[in-house]
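Top line first, the protein sequences correspond to chains A and B. Taking our numbering, the leading residue of the first sequence gets 3, the next gets one more, and so forth. Taking our numbering, the leading residue of the second sequence gets -18, the next gets one more, and so forth.
It is possible that some hints are incorrect.
With a straight-line cut-off of 25 angstroms between C-alpha atoms, the simulated DSS-like cross-links for lysine-lysine are [as the list claims (entries may be wrong)]:
hint	chain 1	residue 1	chain 2	residue 2
1	A	K4	B	K139
2	B	K210	A	K273
3	B	K31	B	K139
4	A	K311	B	K139
No wet-lab data here; the hints were simulated from the structure. Since this is a predicted model, take the numbers as computed values, not measurements.
Residues per chain are reported as follows:
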Amino acid sequence: MKLLGLDYTDISHAFSEEELMVQKTVREFVDSELAPVIDDHFREGSFPFDFVKKFGELGLLGINLPTEYGCAGMSNLAYGLVCQELERCDSGIRSFVSVQGSLVMYPIFAFGSDDQKNKYLPALASGEMIGCFGLTEPDYGSNPSGMITRATKTTGGYLLNGAKMWITNGSIAHLAVVWAKTEDGKIHGFLVDTASEGFSAPMMKNKWSLRASITSELIFNQVFVPEENMLPSVSGLKGPLSCLNQARYGIGWGTLGAAMAMYETALNYAKTRIQFDRPIAGFQLTQEKLVWMLTEITKAQLLALQVGKNKDSGTLRHQQVSMLKRNNTWVARECAKLAREILGANGISGEYPIMRHLMNIESVYTYEGTHDMHTLIMGEDITGTSAIR
Amino acid sequence: MKICVLMKQVPDNDSAIILSNDSSSIKLNDITWCTNESDTYALEEALLMKEAHGGEVVACSFGRESSQQVIKDALAKGADRGLYISEEESDGFDILSTAKIFTQALKDENFDLIFSGLQSNDSGNAQLGLLLAEMLNMSHAALVMGTEVLNDTRIKVKQELEGGWFQWTELDLPASITIQSGLNKPRYASLRGIMMMKKKPIDIFDSSQIDSTGSKNKIFLDKMYIPQKVKETTFIEGTPDEIASKLGDLMINDIKVF
């Protein structure tokens, strides 16, 4: 069995049979079910809600978490391939799966009590329950440690006050994993029932990116959270950052998928678009663009593979994830521009997926740690000096 | 209900077909393989039947080593076990010889039902299900578009006739039934199913160890060729409504773009 799609350096052997079967089944599902409807959802600014249960049935939610909670218990390489295949269709779809698995299920699994795990993880894995993750605030994006949202102790629990912004799935979530400071100034995670009094999640409109994904504000006005809904096993910024590390890993693979989709579209177009009585694929300037894309995508793929192997072997350093997210998102962003150029005027047409990917990748370039923040994380790692503290 | 599903590995529709130098075969290295389309519908029908009535689904394939992949895919979708008949030169067997090999491999299993796709996308014989029915003394129905288990000894099937007509037929079990594409919606392998796949057994038969007395080929391949593509322009005449109707018919039935 072989890796499907772009595999210029023959790396199929690096994946297990199960991992390759996962790629195949997700690709079949995406091509048959999601691809035909994604453009309409993007244009309408709607999330394909009907697919949530299907994602659950396929096992795409919390892929790398244990089977005892209804998850697939698969490797991180399998998770990576799933993200690649989903974002090959659309970043918004991959974002949904990333948020549910890495930002909602992972913190419950890693920092939650047994009761929290048993109560929430099976429902989140099946898609019966949708989750969101509240960290970013209007005035605190790259600097989450300055967050304003507060959790004040009260009888039997906490009262949450504050606001979060740019929250994927916020308006459709049943459960919000919210990071807030307690009175001692420490950051804690809270599992907030979105039906709670004082909670609201207005949808953020007028986005020109990730239009097939729901983005919301979360507003907390004296929201009561029972004591047992605080994540017991973590305090401080390492809680949310460890979740982001899971999600950023998936983004590194996802953007690879978007880049592959754009490269394949551009290659096929170049082979069939006739100018000056010959396919434009035969022109040197077009070939240079295609070769640049292929080479950078292949390097990004090899980076994703190695980082995935490190994650599976338990040797991963978070700075390697920064390199993966930073590089692969940049590659996808550059490929979007080149693919658009190769398709000429048709590059802006909705008949092709280029503009959709191009618009999406601008969000991905900034969310989950901006390109520049990952530069500074790596800069500190290699020089021993932080540029931001 | 003990159900066997015959599944064949065939070249993917999008796979480039390149002939060997003597035009007697296709070059296998360039092929992307997949499960024969109508076999996936046969598997789904078997899985639905098992879910409704209980029992066991066995996926069976005959061919070169890579054919085991279609069995593994079936196991990941929910089949209980596999039965692989290994034969690296399976393309060299005519359909009667192939049926005799299957008969030897299946005869002791006492299946209630054998499902197969209507025909394979590569050789297109559409005879294996019928031949097995004869050799294993089973009832037979072809071109089946629906099934309904009546009791432990009888099954009702909806068969496709010409001109958009259908008929319901009752059969005694055991029966060998060939399934037409489109009667259900084949499921995707779930990630949990893929993880379970490795734990399910695949029994392997070496076809050279099977008593295939009398399985000498009666049909011999002369040569293969790839039809030359010719550019053809068709002018459709008539009123706008007639043109639209003819164009729709062309696109659906001839060009098959819908």
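Query raised in the report: Of the hints given before, which are not true for this structure?
Result: Those not satisfied are hints 1, 4.
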